[in-house]
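**Student:** Taken in order, these protein sequences are the chains called A and B. Each residue of the first sequence is one higher than the one before, counting from 30 in my numbering. Each residue of the second sequence is one higher than the one before, counting from 7 in my numbering.
Derived by calculation from the structure, the hints in this document are not laboratory data.
Quick list of in silico lysine to any residue cross-link-like pairs, SDA-like style, CA-CA up to 20 Å: (1) B/K547 / A/E149; (2) B/K433 / A/E149; (3) B/K547 / A/S58; (4) B/K224 / B/L199.
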Amino acid sequence: MDETELETVLREAQLGSSVAFGQVYGEFSTRVFGLCRKMLGSHAAAEDATSEVFERAYEALDQYDRDRPFDRWILTIASRHCLNRLRRESLEKRLFHDEPVEVPAVAAASSPLVALENREQRRGLLRAIDALPENYRVPLILKYYGDLSYDEIADHLGTTRSNVAVLLHRAKRELRSGIRTLGKEES
Amino acid sequence: MSCPTELTLSIYADGELPEHEAHRIVAHLEACAACSALFTALEQENVVLMEVLGEEEAVTVSLPAAFSTSSLSASGSSASSWVLGAVAAAALAPVMLDWVWQATPTLPAGVGWVINLGGLGGVFSISRGLAQLFVGGQDMLVSSFGFVATLFVVVGTLGVVALRRPLAEATAGLALALLAALAPPSQAHAAELRYEKEGTVKVAEGESIDDTVFLAGKTAIVAGVVDGDVFAAAERVEITGTVRGNVYSAGETVTIAGAVSGNVHAAGKNVEVDTKIGGSGFLAGQNIIVTEGSDLVRGGYFAGESVRSKGRVGRDLIFAAETMDVNGSVERNVRGYGSQVTVSTTGSVGGDLHVTVPSQDAVEVDDGATVGGVTIIDIDKKEERRAFLYPGFYFGVLAKALAMLLMGLVLVTLFPSLRPPAPESSKEVLRDMGLGFVALIATPVVMLIIALTLIGIPVSIVLGVVYAVLLFLSTLVVAYFAAQRLPAADSRRRLVLNTGVSLLVILFVVAIPFVGPGLNFLVHIFGMGCLVVHLRNLYTKSHGSSDSSMSQPGVIATE
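Same shape as in the complex, but just chain A:
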């Protein structure tokens, strides 16, 4: 779907056409599902979340400002939704506070992430991402999958911009060491 087409479809959807909304769904469900899957970590939960997100989006469609990119809008809804879910699920876990975690520092200059060539290794990376603690995983996904800015992520997580930077930085460090050990296990 190109931009003008999308615009027409969105306008129709805003006017209440369920067919048009179905097309919107067809266009964006993969990405929304992807985000949910990565944030929630389970296929089934992501399926539920995706349909809930679209239900919510359908209700809130007249609040959507057409000057904003639609994908950003719907991914924001999705990430909020997933965050709420995660929070509900782990109430006692205080998610996004500044906790000093000791990570063996692996210098980025020789990052093993960069050398991931084949699909198997990439799968390994995905697994490593899934295995990250939630407070690292969520910002990482919002940034590199959802394409949100630091400010947006900070807003979502109820934290500060600089904390987001730190969380991302640490998440990547953790990944590097995860991949290192993975590589060592294999060889």
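With chain A fixed as given, assemble chain B onto it according to the hints.
**Tutor:** The following block gives chain B in isolation, referenced to the frame of chain A:
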């Protein structure tokens, strides 16, 4: 200035550093090699993360009930998947049959002639037929194309139904089939449908219809006059009246005895033509007979087990048959494939007689027969079953393996990203094979269709070249996958060596009689499928990255 922290660089790589700080970093990076390297690594890391996270997973989520209406099934994506399915299914049937028959040493009685339609000879005769269509005039081209399109859609629909696609799509297919059937041009504006499940449908003597007529029943008879085309499908089809358009008919017995101004397309167990046909005759069946006194004003295209052409053919006669008798006259050339070809005393050929047969004595030209041009007899040697006994075979395999390996090396050196990733699960293997099967079979069909438009011929040629290259490389791809499974595949040199060895093994295996061709087929569809999937991924990736370049972190920061 002192070096910035890794955190600062990381923020900068994310495009989130405030502008004044970013300026300082830029200046520093130019001066400091260590920081510059670190920054590059961080940037690359981001790219990898985006790529890995962006690899889409299969979505099985259904639309929430609130807005899942049936009208959604009319959306574009399902329509295109339907078209794909239809084309694939339509393409599938004949080639599958051909392949099965090729692989079966003994044929059930009565279908032996089909083999003549397959193989290189068949492709040749089909392409020759197409060329004839171009030359034969626009009407012929258009009507034949309509016929082909109809066939495609009908077979495609059946295929789709067989694959248990949702009912709605199959219905849409049937509707399309009807539309396509109406597509062939005729003088008539509307069509007349006559249908009788058990009885006889008839355009009675003295009756005159200036429409296209569709007849279906146990027996279909046209005794009156039809100004448009006649489509008839019945156990017995008889045309004794006058048809001013074309005739498309299928049945156990098809008899054309009336006058037809257009072309006759007929398929059946027994097909008999006993009349003058204004256009060409496209006849296929077990027994085909064109009686004495008949006249095919344009050309004759016959495919059957036993074909007797006793009448006159105004232009060329092209055939593929088990036994072929030319008893009548052919004004121009005869080109054919068969196991027994006879030109009898009463037969005459105005141009050349060019036949491809299994042996020299399979062609008989009786004393009284005349051939105006030259007589060319090609001997179609059966595949050498004992190739393993000759050293030439081994050199051949070795040379082929080396050539493939070399070509692969050159390609991978030039375009490293062309190397396809090995499938990881049996599900992926199956998917690749399925895709490869479709690609292997649908591409030639698509090429033919594109070539039919005349303007599309260059596109068709390009497609053909790509197809040939993919086909050539498919074996190599499979060998490469096999090589990865062999020990010590991580060093480059070993990998190349392993690939070469696997390639040799594969090439030997596919040369084994009986089993070989089947394995060869599997190797090709697998390799081809992997290549197609990989190329598609490469395409979407390059496409996607140029799209998303607008939303890179750097851009976000400036928003």
